[in-house]
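**Q** Sequence:
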Amino acid sequence: MSNSLEIAIKKHNEIMLKDKFRRMLDDIRWKNHLTEWERTLERLEKLEKKYGSK
Numbered sequence: 002m003s004n005s006l007e008i009a010i011k012k013h014n015e016i017m018l019k020d021k022f023r024r025m026l027d028d029i030r031w032k033n034h035l036t037e038w039e040r041t042l043e044r045l046e047k048l049e050k051k052y053g054s055k
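According to our numbering, the sequence shown is numbered sequentially starting from 2.
There's no promise every hint is true.
To be verified - Here are the simulated lysine-lysine pairs, DSS-like style, with alpha carbons at most 30 Å apart:
1. Lys51 to Lys32
2. Lys19 to Lys32
3. Lys32 to Lys47
4. Lys50 to Lys32
5. Lys21 to Lys32
6. Lys21 to Lys11
As the list claims (entries may be wrong) - Have a look at the derived ranges for each label pair, beta carbon to beta carbon:
7. Glu15 to Leu45: 41 to 49 Å
8. His13 to Asn33: 24 to 32 Å
9. Asp20 to Arg40: 27 to 35 Å
Note that these hints are calculated values from the structure, not bench results.
Glycine included, C-beta positions come from ideal geometry on N, C-alpha and C.
Take the sequences, apply the hints, and build the full model.
**A** The structure is reproduced here in structure tokens:
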């Protein structure tokens, strides 16, 4: 009985850890995506200052 319980707990912990890492990766990807948009916006603003908005 205790052996199957240990296996179940171990499996549960593996799943929770994978889920935690998946959420961390999603968070990192989202932040990278946002910084990429911010960089694009900065470039557009620099171009707008340089050439003026038409």
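**Q** Against this structure, judge whether each hint is valid.
**A** We went through each hint and held it up to the structure:
1. Lys51 to Lys32: holds (28 Å)
2. Lys19 to Lys32: With a Cα-Cα distance of about 20 Å, the restraint between Lys19 and Lys32 holds, given a limit of 30 Å.
3. Lys32 to Lys47: With a Cα-Cα distance of about 22 Å, the restraint between Lys32 and Lys47 holds, given a limit of 30 Å.
4. Lys50 to Lys32: Roughly 27 Å between the alpha carbons, so the hint for Lys50 and Lys32 holds.
5. Lys21 to Lys32: The hint holds at about 17 Å.
6. Lys21 to Lys11: holds (15 Å)
7. Glu15 to Leu45: 41 to 49 Å: holds (45 Å)
8. His13 to Asn33: 24 to 32 Å: holds (31 Å)
9. Asp20 to Arg40: 27 to 35 Å: holds (31 Å)
Violated hints for the displayed structure: none, as all numbered hints are satisfied.
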